[in-house]
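The numbers in the UniProt record's numbering rise by one with no breaks, and the one at position 922 of the sequence shown is 922.
Subject to a maximum C-alpha distance of 25 Å in a straight line, what follows is the list of computed SDA-like cross-link-like pairs (lysine to any residue):
#	residue 1	residue 2
1	Lys686	Glu475
2	Lys271	Asp295
3	Lys860	Glu932
4	Lys271	Phe20
5	Lys182	Lys600
6	Lys900	Cys707
7	Lys153	Glu124
If you're looking for bench data, these hints aren't it; they were derived computationally from the structure.
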Amino acid sequence: MGVIPVIHSQLMPPPVKESFIRRANLHKKLASIPQYPLTILHARAGYGKSTALTLFAHDIKINSCWYSISPNDDDIIPFLTKFVHAVKAKYPGFGAAILAELQMIHNHISDEQLWSLISMVVNETLGLQSPVVIILDDYHHVQKSLTIEKWMKHFLEYIPSNLHVVISSRTKPVWGILTSLKVKGELLEITQADLMLSSAEIEHLLEDSYEITIDSRDLERVHYLTEGWAIAVHMLAGSFRNGDFSGSFLENRSETLQDLFDFLALEVLSKQPFGHQDFLLKTSILDELTPMVCDAVLGIADSDSILVKLSQQNVFIQEIDARKYRYHALFKEFLQNQLKRKNAEEHARLNRNAARFFEKENIENAVYHYLEVSEYERAAHVISQSGKDLLQKGKLQTLLDYLKPIPENLKNEFPVLWFYQGEISRLRSSYEWAESCYKKAIEIGEEIKDHYLMSISLEGIARIYLDTIQPDKAERVLQRAISLRENSNESKEEMAELYHLLSENLLNSGQAVKAEKWYERAEALNLPLEEGNLKARIYLRTGRLNKARDLLLKRKNSTNETGIVHLSQSHRETEILLSIIEAFRGRAEESKKYAEQGMKIGMDIQSPFVEACGWMRMGHAVQLIERYEAILAEKCYNTALDIMDTIDVPRGKAEPYMGLCILFGNQGLYEKAIEAGQKGLYETEKVKDVWLSTLIQLCMGIAGIYCEKYETAYDVLVEVRNQFEGCGDRYGMMLTSFWKAYAAYETGKEEVFSREMRQFLNEMLAGEYQYFLKRRTTFGPADIQNFVPMLVKAQKNNIHSPFISELGIGSMDNHPGYTLRVDTLGKFRIHLGSRIIGESDWQRGKAKELFEFFITNKNKLIDREEIFREIWPEQDEDAANRSFKVSLNSLLKTIEPHRKAREESYFIRRNGSFYGINPDAVFQLDTILFEEWVTEGLTEKDPFQAKELLERGLKLYEGDYLPDHRFADWCLTERERLQVLFLRAAEMLAQVSVRLSDFETCIHWCERILMEEDTWEEAYRLLMYCYYQKNNRPQAIKWYGKCKKVLTAELGVEPMEPTKEMYRMITQAADLDIW
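Taking the hints into account, I'd like the entire structure generated from these sequences.
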């Protein structure tokens, strides 16, 4: 990256002038800036925004950093460079590492680098350990930059606690975070109404700054005429002081404020010598004025002296750096309008002069000046020469703005403009329009025999098909593009790029082995290529998941990568790929994290396709996370499908249909599963994506097994195995072997089981897929306990016995093959794997009660006599013994229906006369999970993390422990213990929510606390405080009344002093102002 010139005048507030006045009300608001993370000052030009902030910057006692933004700063690198230098001007040690990072970026910035820079700025600012105010004046100059807007939005989400950002702009930024900041009282907004001068302030300005005395009648007329617009008041004052206007002038109000300004500006212009008037009018076409540019455009030699004189006279011209000036925006607009009206031909001639000058200096300025006077042909010529550079720099919006006014006949004359239009549309997921633009370029290229134009346009179409994963269409287009490119004798770099694309296309069609060969051929040229994560995707589709993950993480975490502005990589986004890989590897939380990042990237870069990919990957993740209901995964998949419908990319619907297939299969909804699978297959087979087709067929086979259609499923899996072998996907082959072994185990086919189980274990060990046995994965069994009886049987058949022994399950002969899940809070319910035990499954009510008794005493074995006393207190010992044996037998048949006669129970252990839960058994109990989550939340220091942990745990507390045994002594202690733990956790969550200003959550949990225990005084206090903060004083007072009434009635006591103090604070507050 080249050195960004830093103009020091941009980093200093303008000097305070005698004409500046300090306004009490406005000053009071500005003085509160250090109390807010963000201040936004927005008003039209001429209302004194910069003046107000200049006075504030000079008056403030803490360090204030100033950055006056110019139109040339509308790219992220110059913007951040000057942002850092603005802070560095006050803190010389600040930002060296950030500037070094910016220097390493070539032209533009990747998404990873954007996040890295946010982190660096936040951390370095925190390291200053003192309050810092940074004023971004004239922010409207960069509001069209998507990258700067994205950086600002994300930066403000993580704004350091010691930083106070002030943004001054003609328009208010449209950021979603502003609502959140305002609600939390962290946004100060100063509007145009705040900046309007009052009558008293106008009088003060006229008397103190201009030494003009005006009577009250004329003062009111000035106020009425100007509506408090500062620039108009100053111009009127100048006229009054020169004696040019009397009170009678004030009777003739213009129709609008703009008319008034134009009238006054004309007076200012007419007072200048003729030569200066001519200079002012002619140079108004320029955004920035330097002697060299003005001399070249006007064809004169004395611009330097004229600029100095005008600056000294303060004729609405400001020196922004040594020998560099600009006009006040309103005055510039006035001058341009005057020039156009008086001499339109001269206006056009000057713009053409400027454009020709800038063709050598600044291409963007050249195009601007040609377009300003509708010189579309010259503009089209310049764009045709410079468009490639703008694309590479990621200036898509700039290029699009240039292309929009170019007539279609000129785009036909310069057909590369159609190619540029196609590139912009493709990168923004407007695939249909992009393809039509490319086709126009190809059609014209054929007529004029421009093979290179035809080739790059064909490449653009191929990239559309690659983005939307349509390999069959892409292959034909790519072959033609390669042929044309070879005939045009272009560089090796471009040939390598096409080989790279062909490799990706082969990969998308399921030919991963061939794809890897073409990738290596491109790589062998040792040329820098935009990799697009192709190598990682080859690894993914050939089952080398660990390698794919490592490669992607290296790319994601690399700080040495030099990149360009983040262009959409469609389904190839790093986060999108990491999400599916982690789901395949059974790391559901990681998968979810990357899916969220992928969705965010899609929204940030305005790519609905990427966002949809994030949604479908989120569906895969939440399917694997126990705490989420299946309906959430279904919603994720349906959201992805809706987006794909909206952008008309039917191929993108295949993967969410695949997710729905396995989701419905797991729920036992066979017909719905097969229907979803067939819909997905319809899309993949249209584009001949064999690999994804095979995955969908695998899901259909798994659905068949879940729904006990073993023969049908096995036949599908045989075909799936052959297709995975053709694709070279080792992971897929391992999956198929497992499910074939599972089907054989369930149907008692010993020989098939042994063969497939041996192959499964061989492939699992060879591919290092051992996590498949330990974690729930996308294509693995929904209950990982399903593995245990299969592995036990394999060991008996001498299949990989040493490995199975290492797993520690060789002795589990009686394992039932599923996880026992028990819910006890608010209701009693048992799941055997995915099957729920209904009331009718319990042959005897006492069998259910016996199990509840065992669960309550889960950490010990209980003597039989104690069991008799607790469960059958009314029976004698013999009768109780008979009842116990019958109930125990019924219990075992219910929770282990496939246990063989006289075989030991897996879940219930007997040791002599002692019985209870087997401590070695794997089961899931809601009270254990509840206790683990809330205990961790109670000790967590970070409020955000504590809130998440507490909410996760409290969600499990659906009511009292074993509510059907409310009066049984044997569960009373456990019920009370869990209730107290719930109350403590709910109170902590309410307190944490207050710290985070989440008052609604606090109110919800306080009300839940009082439903459980209506004398819990802290809940009343928190409710009073929350309603006070919500400006609802009556409700806060009502809660105090309830508290006092309940405590008196239940305990005969008064509220504690802190509660009374809270009440006094609320009732005595004169005014509630929480902003």
